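Asks: Can you join these two chains into the complex? Each is in its own frame, and there are hints to help.
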Amino acid sequence: MKLLTHNMLSCHIKGVKNGYPFKIDPVKIEEMDADYDPDFLRHIYPRLEWPALREAAQVMGEPNLPEEVTESMLQNDEEFLRHFHHALLELILEEGALVCPETGRRFPVHKGVPNLLLHEDEV
Amino acid sequence: MFSKPKAGVATRHLFVGNCGPAVGLSEIKVKAYFESIGAQAVTFPASERGPSSHVFVTFKDTAEAEAKLAALNGKPIAELGDRRLVIKFAGKKSDELDSKVASKPVHRDASACGIAGLGLHTDFVSLEEEQGLIAEVEAGHWETLARRRVKHYGYQFHYVSRNVDITKPMGLLPPLAHKIASRLEELLDCSFDQLTVNEYEAGVGLSAHVDTHSAFTGPIVSLSLAGPCVMEFRREAEREALFLPPRSLLVMADEARYAWHHYIPHRRSDTMNGCVIPRAAKRVSFTFRKVRGYPCNCSWPGSCDSQGGGMPPTRMALAAQGDSPGAAFNSSSTATEERTRQQSRDVVCQQHDERQCARSFVANEQDPADRCTSHELQPGLGEFHFSPGSHDAQCDSAAVQHGKAQPDQQHDSTASSAAGQQMESRYVHGVYDIIAGHFSATRYAIWPKVREFLESLPPAAVLADVGCGNGKYFGVRPDMAILGSDRSPNLAETASKRLLPGYRTEQPLPRCDVAVADGLHLPYRTGALDGVLCIAVLHHISTLERRLAMLAQLARVLRGGGRALVTVWASEQEQPGKLAKWEPIGEGTQSGGGDYFVPWHVPFHRVEAAAAAARTQGAKSFAQQDGGPFAQPSEQSLSPEAAAAGALNIDGSPACTLHSGRRELVHEASELSKTPGPLAESAPARGDVSALDLDCANASAQVGQVFPDGRVDTVKGTVVFKRYYHLFDRGELDSLVHGTPGVRLASSFYDKSNWCVILQKL
Chain A
295 MKLLTHNMLS CHIKGVKNGY PFKIDPVKIE EMDADYDPDF LRHIYPRLEW
345 PALREAAQVM GEPNLPEEVT ESMLQNDEEF LRHFHHALLE LILEEGALVC
395 PETGRRFPVH KGVPNLLLHE DEV
Chain B
119 MFSKPKAGVA TRHLFVGNCG PAVGLSEIKV KAYFESIGAQ AVTFPASERG
169 PSSHVFVTFK DTAEAEAKLA ALNGKPIAEL GDRRLVIKFA GKKSDELDSK
219 VASKPVHRDA SACGIAGLGL HTDFVSLEEE QGLIAEVEAG HWETLARRRV
269 KHYGYQFHYV SRNVDITKPM GLLPPLAHKI ASRLEELLDC SFDQLTVNEY
319 EAGVGLSAHV DTHSAFTGPI VSLSLAGPCV MEFRREAERE ALFLPPRSLL
369 VMADEARYAW HHYIPHRRSD TMNGCVIPRA AKRVSFTFRK VRGYPCNCSW
419 PGSCDSQGGG MPPTRMALAA QGDSPGAAFN SSSTATEERT RQQSRDVVCQ
469 QHDERQCARS FVANEQDPAD RCTSHELQPG LGEFHFSPGS HDAQCDSAAV
519 QHGKAQPDQQ HDSTASSAAG QQMESRYVHG VYDIIAGHFS ATRYAIWPKV
569 REFLESLPPA AVLADVGCGN GKYFGVRPDM AILGSDRSPN LAETASKRLL
619 PGYRTEQPLP RCDVAVADGL HLPYRTGALD GVLCIAVLHH ISTLERRLAM
669 LAQLARVLRG GGRALVTVWA SEQEQPGKLA KWEPIGEGTQ SGGGDYFVPW
719 HVPFHRVEAA AAAARTQGAK SFAQQDGGPF AQPSEQSLSP EAAAAGALNI
769 DGSPACTLHS GRRELVHEAS ELSKTPGPLA ESAPARGDVS ALDLDCANAS
819 AQVGQVFPDG RVDTVKGTVV FKRYYHLFDR GELDSLVHGT PGVRLASSFY
869 DKSNWCVILQ KL
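In order, the protein sequences belong to chains A and B. Here my numbering runs 294 ahead of the position in the first sequence, where the first position is 1. Here my numbering runs 118 ahead of the position in the second sequence, where the first position is 1.
One chain only, chain B, in its complex shape (with noise of 0.2 Å):
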């Protein structure tokens, strides 16, 4: 971890900007000019944002690298396209915990660091029992890790999860090991029924972890074999570290077990109160623990992932999740291999932590759209029932009727134009902006039928896909020019991250551009495109007459025979439930179909949800009483009637949108400013809100903008918002398309819950 370093300290790290993919240089390319003048070690920043345009460059000493910074900083570098470089003094995160750590004492007593339950047993076994052990354990099959091996005895660890499988015992622990056990079990008048051995080679060390609480039971030991090592323990901001040498016996409980993290940094050799101790050729652990099988109810909430604390996803239960966006946007993904993907996050997440789990997926169950292997499509045809209603559902049934639209003699076209406007502004165009980045990662599936027009048009096409959200589609015709818009603009610019070079592992859109446009006033030239992809939008436009603009303006760009795929969601469901769980708008339509709120549910550990509470002072004091991760001291109190309710709403107000960036607030001249102190500020790190960026710059350039009500739903760990749609009903789409003037009806079709229209311009 880089970071910024005290001002005037020269390091032998440089931060150097202007420079890496997204400025076009690859990696390989600035990796090979930096090693070629002497670097030890390039690192480019690891982003969930796309890619950096600014590398760290390691090099040997601190003269080395502030003789680079003199050489090089400010100067065309022929090897980089003549790029001139900004070039600092970068400062190392684990260098200074390093020097902290080696300036601390280095303890031989356990009692000397302090940590209650911490102890240490010197030569708790003799020599002929450490290699008894060693030599016992060496046959038969080892995990490998990345940079050690591992064995498990009496239950398998698995790591996806830090957990184990209590229903699948696998016996007695060896001989040798049984007999540890039960001197073991006389010191500590405990049982063990599990041992984890882990074999390190020098340099190897162990990341900062805490055990899984509702895993094991009372304390776990761990005998040191073969060689030394110095375990350093960490809590907040105490650091403490002792020596372990061969042959003893650490036993951490209670407080030693629970709440501190134990790690032992990565490294050949040991620094002890001035002397250098190099690690031996080879270290062997056996760790002895015992099974819990039941949660846990330990004092230390914070760390127990019984109790909602613990630790983020492993990096493997990531991997396992296939949870890269990016990499899940492929071109040759199937609806089967997303529903796979799926399911084995839904297994990963059972494993493990569930309290997270509902938190991290919990949005999925409820946004069918998430859940589903295609686009937009949602499942769910639940009982409802429609009576006459709104003034738009009154001139729908007449769309319908009729087969030609008038919106003109249905009503007052301006206030029904205002009143769209307003619906959408808050409760689609507010909500896709604040939610942009959660919907985006959410949203990779390639829908068969949409790939299916995009191959049937000519080679070069030039396509406008309107509301192109992030992008998920740029990639399918590669040799096709493709100019996507979205009316959000975080949307359009999580979309504009796939056109810099070396996007995740996507192939290069050298012919995709993004625009911030709204659907209903295009920007392009009139005849000017070959198709036009409009998926999921139409349903986003609240009145008919706005509904029939937008076709309108579709078939406006489109050459003539240019075709437009339009999709929206049906009122008729394949699955059914899920219409009943949202919301009705007025009292829906006589033909069926109808307006309704549709919930997006963001996870708490979301910056998204973390932007959005710290909008309110109620969602604060909420989330604190929660214990979620917008928890901060507050003096604030709920109503019982909220608490009660199980949710509290945000009185969201301020004009203010919110993308991924720089950790800033900036606020508008609105209630915001009121609020004391930017919440963001105090989240805790378990989302990311270092991403958080709170910036009025697009709202500013916006129309009439308003934000959306937020809720906190507090048994689902999310914060909610509400979604506008209009559900079309059969025919509906098709009386649209016989309503716009200049068009056929190419096709019609449904799949997937979804009324779907190719539109031909004549």
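Isolated chain A, as found in the complex (with noise of 0.2 Å):
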């Protein structure tokens, strides 16, 4: 599981209001090489939770993130995009759970496949 797809979930375990960013416990983490792509980064910045980002980047072991992120430097600061493209694609969450913020509800990922379904109480 890469943060791009960690920054689209939310927990949804019926009546939870704040489950919105999971946090991570990871067990596993595994770096894979992706295509450096500075206009795929440019237009999925506006999709993104850039503190959730920052944050969970910060657990995966990308703690360059800033905690801003102005037009400039997405246009043209290098660096910055760089470590913007790992933090979003190349980090992989292979063994680990996905933990509710509000409720600590674990959510395993397994072979880096969180499994989300929720348990009858839940839903």
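If you're looking for bench data, these hints aren't it; they were derived computationally from the structure. The model shown is predicted, which means the values in this text are computed figures rather than measured ones. It cannot be assumed that every hint is accurate.
So the derived list for chain B, only partly shown, Cβ under 7 Å to chain A, looks like this [said to hold, decoys possible]:
id, residue
1, T285
2, V409
3, P413
4, L575
5, P577
6, A578
7, G593
8, P596
9, L627
10, V632
11, A633
12, A635
13, P641
14, G645
As a list, the in silico SDA-like pairs of lysine to any residue whose alpha-carbon atoms are at most 25 Å apart [claimed, not checked]:
id, chain 1, residue 1, chain 2, residue 2
15, B, K149, A, K308
16, B, K222, B, P346
17, B, K400, B, P364
18, A, K322, A, Q352
19, A, K405, B, K178
20, B, K206, B, D179
21, B, K178, B, P346
22, A, K322, B, P346
23, A, K405, B, P364
24, A, K322, B, E197
25, A, K308, B, P859
26, A, K308, B, R643
27, B, K147, A, K308
28, A, K405, B, V278
29, B, K210, B, H270
30, A, K322, B, D179
31, B, K149, B, H172
32, B, K178, B, Y151
33, B, K297, B, E248
34, A, K317, A, V363
35, A, K311, B, P859
36, A, K405, B, Y562
Glycine is no exception: its CB is placed at the ideal position from the N, C-alpha and C atoms.
Replies: In structure tokens:
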């Protein structure tokens, strides 16, 4: 599971108000090369919740994302874009768990695939 | 074939773990590194389950392999991104076989082999005849195979089907060969009308095979010319070796012809009783056979293609079928290409082992979705009659009539929800989890309408593919971020394999991911997504209320202006005949449409079928009677009723899921654990039983999962599962969209037996 995906996920247990973002409990993190495409980063940026990505990236071993992102950074700050790219697409949570920030419910991640099925009493 | 060596035995082969495409190290990189440290060969394990995370490395000798193991094991390797390798000795099967055979005597006299029907006549032709025969066939067209060239007279032998076309005789054998054939007829008292000439270079052998029973009758004889070789014979655990000197005639009749595999090892010299005999630069064999033209009725059904036994399809046959879903999963695939592929597959089928083909492809016959050129399109509008019926159906009619659905006024939502959940758990989730591998292997066509929709989305769009199955749409828009999800953990797993670097030949998918999730409870934040795909999923939802709930989920996760494509099977089918074969549930609905069980056939040779059958004693005994691949000794006999019906219910009960992986069986506390001994262990190797893994880890995470009923169909040679479908009438899907708050119906169309809508978030 990539942090791009993590950024889109939210705990969907019935009644949970603050289910975003999942906390990450990593057991095994893998790195996978992805083609660097700054245009993709510029397009995807507005779709992201930046603080959630930044926080998750820190947990996953990419501490270099800034708190604020400006338009000029997106346009021509190569160093920033490389870190952004790395955090978004190249860090893979292979084994571990996603933890609901409100209830503490753990959703296991196995072989890179999170299991987000709910129990009967959660729907 | 590498294997685990005996404990403590050093070999010249090393197993190197944590290394390979699955951990991000390309084959080229790995190969280059090991070659740089003196490896003679680097072998990547062939796997149907995506890229591997280990390789086998062969060194010159055991000492060198030992030294490398000591030097490299567990240490970070700079050339391989500082990865720490796990290194062990590996055995190699062929080495073991070679040494076994080498230690066994090589006979000069066929009778010493003790194989009934095997004979060897030395100096059967003179030196002049030898040269004359070779010269006679030299000119003209030769067919080039992987490692040797061949030429046919009398009838063409087709390697794809391993058979001859008896309707196309090519005339008499050339004069000298004809003369030899006449001599053979005198000797053996039977005729020969087909000649295959094989030319082997030194080092080239012949793969183990039994000549197709249905292709040829009588003895098969082979004249060795120009050079010697040692031919080996095997039947189960037995091995024999026979020296074939030049100008000798090998005769294989009866058991030797029908039951024993014969082969020539690929090697440059043969060792015979301590002496090394180099192979000649060239060896030419003249194999004389008599074409049959009718089914074989021999006493060795296990190796007889006419009697359900025989060999798996050839590599060439598989290649001709395009039997790699990965290769077929290609964004440029068109419907026409898929159709062509299907047709060529059918042709191959008719040509070879009919019985086996009937098994392999019966599911295609049965399940329309298989045959179709597009996603889950299914032909067939037979005669059907509906009358007022199920609770759910009444609600549907109401929804259609009112335009707006009001489920709460229609029925008790809690009760309906529980019943719906149970239906889907049993007849959708459970089934797909079992058939995942087989289902996935049949899903690769890219539906043009889906492509069109995907191409209409903005650059770098974020899309949820809800019910993504094997993830076949992931590669259509590589610039997009696609979040696939499936309710079936096993289907999700098939999709996740696409994400691994080097998965088959596909382009990398660095912006896709897969999750196990329920479309009724999507785990995405509200308003996050530009698009949603929901292809052939909604028709598996069994109540109106739940269908509306799913649409509401799709709407929730879309951003304003975001669009979703939703497709479902239509009641109005393009091709007649199929609907009548499906099993209506309840009484149908007034408005048409309604609920059906649609069968999914898994051919016996698939591992999924073996696993399903493994759950019941009944299937075991029945399969045994059938001589099918699950056959094993069993005391249990069938009731005459069941035998008469030609089908037997599998009592599906244990909660446990299946996915490919290691060979192990894990039992949950269930009836399964009462079954003595896992059947899979004893199932023959025709299916990929070694890939069987009943693993309850996934199942235990699921709520109230129950196993679907499966049924053994001995006529078709399949295990049949029922899948729940709600077929949609014209306008029904539209009205569901109208009943979903916060969206508008952007478009609605019918395409190839599916109703489709594009809905847009307001």
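Asks: Is the hint on B/A635 kept, meaning its closest Cβ partner in chain A is under 7 Å away?
Replies: holds, 4 Å
Asks: Sort out whether B/K178 lies within 25 Å of A/K405, counting only the CA atoms.
Replies: violated, 36 Å
Asks: Is the hinted pair B/K149 and A/K308 satisfied, with a Cα-Cα distance of at most 25 Å?
Replies: violated, 52 Å
Asks: Is it true that the CA of A/K405 sits at most 25 Å from the CA of B/V278?
Replies: violated, 38 Å
Asks: Does B/P596 meet its interface restraint, that is, does its C-beta lie within less than 7 Å of any C-beta in chain A?
Replies: Violated: closest Cβ of chain A sits about 9 Å from B/P596, beyond 7 Å.
Asks: Straight-line Cα separation of A/K322 and B/D179 no greater than 25 Å?
Replies: With a Cα-Cα distance of about 37 Å, the restraint between A/K322 and B/D179 is violated, given a limit of 25 Å.
Asks: Are B/K210 and B/H270 close enough, with their CA atoms no more than 25 Å apart?
Replies: Answer violated: B/K210 to B/H270 is near 36 Å, above 25 Å.
Asks: So if I understand the rule, the pair passes when the alpha-carbon distance is 25 Å or less; does B/K206 with B/D179 pass?
Replies: holds, 15 Å
Asks: Just to be careful, I want the Cα atoms of B/K222 and B/P346 compared with a cutoff of 25 Å; is the pair within it?
Replies: holds, 19 Å
Asks: With a cut-off of 7 Å, does the beta carbon of B/G645 approach a beta carbon of chain A closely enough for the hint to hold?
Replies: Since the shortest Cβ distance to chain A is 10 Å, the answer is violated.
Asks: For the pair we were handed, B/K178 and B/Y151, check the Cα-Cα distance against 25 Å.
Replies: holds, 16 Å
Asks: Given the hinted pair B/K297 and B/E248, is their Cα-Cα distance within 25 Å?
Replies: holds, 13 Å
Going down the numbered hints, you'll see the structure goes against 1, 2, 3, 4, 7, 8, 9, 14, 15, 19, 21, 22, 23, 27, 28, 29, 30, while the others check out.
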